[in-house]
Amino acid sequence: MPEGRRRRRRGSTLTTRDRLTLVGMVAVPTFLVVAFILVPTILSILLSFTSWNGIGGLDRIQYVGLDNYVNLFTKYRPFWPALSHNILWLAFFLFVATPLGLFFAVLLDKGIRGTRIYQSVLYMPVVLSLAIVGFIWTLQYSPDQGFLNNLFGTTSRDEHFIDWLGDKDINLWAVLVAASWRHVGYVMVLYLAGLKAVDPSLREAAQLDGANERQTFLRVVFPVLRPINIVVLVITVIESLRAFDIAYVINRGKNGLELLSILVTNNLIGEASLVGFGSAIAVVLLVISLGPIVYYLVRSVRAEAE
Amino acid sequence: MSTAILAREQPAPERRPPDRRRIALHGFLIVVSIVWLFPLLWTIYQALRPYSETSNKGFLSLPDTLTLDNFTTAWNSAELARYFLNTLVIVVPAVILVLFLASMMAFAVSRYSWRFNLVLLMLFTALNLLPPQVIITPLFRIYLAIRAPEVLVGTPLAERGLLLYDQYLGMVLIHVAFQLGFCTFVLSNYMKTLPKELNEAAVVDGAGVWTTYSRVIMPLTRPALAALGTLQFTWIYNDFFWALMLMSTGSKLPITSALNNLKGQFFVDNNLVAAGALLVALPTLVVYLVLQRQFIGGLTLGSTKG
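If you read the sequences in order, they're chains A and B. Terminal number for the first sequence in our numbering: 905, no gaps in between. Terminal number for the second sequence in our numbering: 1661, no gaps in between.
A portion of the hints provided could be inaccurate.
[To be verified] PhoX-like cross-link-like pairs, simulated, lysine-lysine; straight-line CA separation at most 25 Å:
1. B:K1412 / B:K1607
2. B:K1618 / B:K1607
3. A:K674 / A:K853
4. A:K853 / A:K709
5. A:K853 / B:K1618
6. B:K1607 / A:K767
[Said to hold, decoys possible] Computed far set for chain A versus chain B, every beta-carbon distance over 10 Å:
7. L665
8. F672
9. V695
10. Y717
11. G745
12. I761
13. R841
14. D844
15. E903
Read the hints as simulated data drawn from the structure, not as lab findings. Ideal placement from N, C-alpha and C gives every residue a C-beta, glycine not left out.
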């Protein structure tokens, strides 16, 4: 917390009243963030070493050491599928959706006529919530009433019935396509802003040196995009870990759509609330997300120092 | 850079590819745009057709009748107006509060240098990137545990004696707390680009900290606030997770989360689901079409700096 003795900016003297104003300006938002986010994060970690079903007072909380983690890794069936689905989600976003977004950004950056319209269309899904995206794509995928099965003749009456969202071998891929529909536009807009900011003389210089378009992009433009690449990378990882809504509205995250985020909530609002166990899953999620978060913070601090 | 993008449209760069390639590019982008719009267009088409017709003629058929009946049925039978109102009660205070608090925080950390600047900014950024599921277990318990002060019990602020759980106050606060990091980050980056001399000039004129904030810095931050406000409106409107976890009374749910309950109960066929989903998506789509520049400006504002 800030104390009264702040380092003073050169030449400016703050009166006591000014200092108090500043302290107030910082204290209220900080309190909210600490109370609603930091404290629960720490409590998640602490609770993950305990057993508590949420009934009865806090004195019913028992320390159980690593039991929750041992159970999670060895006995809890949905854990490994969920983890692998999250990893697959991340891989799909990283290697399919994100490059596609970059590709569209590069095309739109060529400055052809109608760029604004193309951009509006491609970006449109980003303003929809993932829950709505789930509904919209259910209408494409649903067994008998959906677009795809009617187009391909693969409804339940047909010989080669494809149950896009019900078949646990393909439903994750179907959902990934739907989620990417939204993610591509997001990535595209970020890259488009980055590309517009690239100094045009860099490109000209590369072209004068005889580089073709591809070489110019790979050797000159892409490296300059580094700050954007980092932001996009962080957003991609975080979005993959946050994935929840779309799986929840489709089938509550069961039968092929298990995700870590869903498992956390299942243990919270299921028949039996397993607070400690649910927290252990949350901690796994936390540990994975700390990777990109720390990486990003270190990068920003370094950029700040320069 | 970000400020420049927001402040004015950059002229299309003069890097026009040769004619034939340009036509190919247009062709490709038109195809992509159609594919991209298709899920939404299909949803609109479904919503405009009566269920009886689609089930007789098949879903992939030309229409005999196009009607808005599904929309009126969805609107009336599910009493959607009530849920829109619920959303409004959450979104409006949340957006105003988060912009207000974040602007003060950003002002304090970007316009004055003191010891905990960087630590606080990093804390805010880091916590803002966490998946909400990391904190939900303890947060849920905290919400259930916090009882309202006696005077409030029985009033709309604390119907069942609880202050936060199943209460709009709790929804507003978690949105504000969770979005504060992003908003502070964006606004402080923006404020850093304003000349330092502004503060000094204000001091010379005898202005205190509060006056400097409200009369000097805030008016100049207006473009960033508009962009951020648009983005926050959409994000909070689109929230599915917090309401699912922290609200329990069905009739009090905001619209995005309510849709999932209404499906199956009122929206019994895909045509009605389509109409309901479109009605829920409509406000964000309208905001996007009208304020597109703000929308994209808000996102890129947060990414091109830092």
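Hint by hint, here is what the structure shows:
no., hint, in the structure
1, B:K1412 / B:K1607, "violated (39 Å)"
2, B:K1618 / B:K1607, "holds (16 Å)"
3, A:K674 / A:K853, "holds (18 Å)"
4, A:K853 / A:K709, "violated (44 Å)"
5, A:K853 / B:K1618, "holds (18 Å)"
6, B:K1607 / A:K767, "violated (34 Å)"
7, L665, "holds (18 Å)"
8, F672, "holds (18 Å)"
9, V695, "holds (15 Å)"
10, Y717, "violated (5 Å)"
11, G745, "violated (7 Å)"
12, I761, "holds (15 Å)"
13, R841, "violated (4 Å)"
14, D844, "violated (4 Å)"
15, E903, "violated (7 Å)"
Hints 1, 4, 6, 10, 11, 13, 14 and 15, counting from the list given before, are not met by this structure.
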